[in-house]
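*Asks:* Sequence:
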Amino acid sequence: MPRKIPFKGNDRRILRHKTAMQLMDVGPTRFYDILKNDPTFPPSVVLGKRGRGIFSDELQSWMDALPRERCGEVA
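The C-terminal position of the sequence shown is numbered 75 in the working numbering, with every residue numbered one higher than the one before it.
Check the hints yourself; a few may be wrong.
[To be verified] No farther apart than 30 Å at their CA atoms in a straight line, the calculated lysine-lysine pairs in the DSS-like style are these: (1) Lys36 to Lys18; (2) Lys49 to Lys18; (3) Lys36 to Lys49.
[Said to hold, decoys possible] Pairwise CB distance ranges, derived in the manner of DEER restraints: (4) Ser44 to Leu66: 13 to 21 Å; (5) Asp11 to Asn37: 24 to 32 Å; (6) Leu66 to Pro28: 13 to 21 Å; (7) Thr19 to Leu66: 16 to 24 Å; (8) Ser44 to Asp64: 14 to 22 Å; (9) Val46 to Pro67: 25 to 33 Å; (10) Lys18 to Asp57: 12 to 20 Å; (11) Phe55 to Asp25: 17 to 25 Å; (12) Arg13 to Leu35: 15 to 23 Å; (13) Leu47 to Pro67: 26 to 34 Å; (14) Thr40 to Ile14: 13 to 21 Å; (15) Phe55 to Val26: 12 to 20 Å; (16) Tyr32 to Phe55: 12 to 20 Å.
It should be emphasised that the hints constitute simulated quantities derived from the structure, not laboratory data.
Even glycine gets a Cβ: it sits at the ideal position worked out from N, Cα and C.
I would like the entire structure built from these sequences, with the hints used as guidance.
*Replies:* What follows is the structure, given as C-alpha cells:
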C-alpha cells in the first residue's frame, strides 16, 4: 500500500525518483512505466543534468486519487 508522505503542513519538497518509488511501493520498471504512460501522473522536475524529482504534494494528491484496488488494497 502506498504510504503517506511524512511531511507536515504545506511543506512542499522535491522527492527524487528513488524516494518516490519507495513511497509508491513500486520498482523502477513499474515507476518509469507509470511516468511514461499515465497522463495523470505528476511531471518530473529537472534538478540538473541527470537529476529528476517530483513535488511531494503533487505525488500525494495523485496517490490519494487512485482507486483503492490499484493501491494494492482489497475493497
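*Asks:* It remains to establish, for every hint, whether it holds in the given structure.
*Replies:* Structure-based check of all given hints:
1. Pair hint Lys36 plus Lys18 holds up; C-alpha atoms about 16 Å apart against a cutoff of 30 Å.
2. Restraint check for Lys49 and Lys18: satisfied, since their Cα atoms lie roughly 17 Å apart, inside the 30 Å limit.
3. With a C-alpha separation of about 19 Å, the suggested pairing of Lys36 with Lys49 holds against the 30 Å cut-off.
4. For Ser44 and Leu66, the Cβ-Cβ distance of about 19 Å falls inside the hinted range of 13 to 21 Å, so the restraint holds.
5. Distance hint check for Asp11 and Asn37: the Cβ-Cβ separation is about 29 Å, which falls inside the suggested range of 24 to 32 Å.
6. Distance hint for Leu66 and Pro28: a CB-CB separation of about 19 Å, consistent with the stated range 13 to 21 Å.
7. For Thr19 and Leu66, the hinted distance range of 16 to 24 Å is satisfied, since their beta carbons lie about 18 Å from each other.
8. For the pair Ser44 and Asp64, the supplied restraint of 14 to 22 Å holds, since their beta-carbon distance comes to about 19 Å.
9. In this structure the hint that Val46 and Pro67 lie 25 to 33 Å apart at CB holds, the actual value being about 30 Å.
10. Hint check: Lys18 to Asp57, Cβ distance near 19 Å, so the stated range 12 to 20 Å holds.
11. Distance hint for Phe55 and Asp25: a CB-CB separation of about 19 Å, consistent with the stated range 17 to 25 Å.
12. Between Arg13 and Leu35, the C-beta spacing of about 18 Å keeps the proposed range 15 to 23 Å intact.
13. About 31 Å separates the C-beta atoms of Leu47 and Pro67, a value consistent with the hinted range of 26 to 34 Å.
14. Restraint check, Thr40 to Ile14: a C-beta distance of roughly 19 Å satisfies the suggested window 13 to 21 Å.
15. A beta carbon spacing of about 18 Å between Phe55 and Val26 agrees with the range 12 to 20 Å that was offered as a hint.
16. Restraint check, Tyr32 to Phe55: a C-beta distance of roughly 18 Å satisfies the suggested window 12 to 20 Å.
Violated hints are absent here; each numbered hint is respected by the structure.
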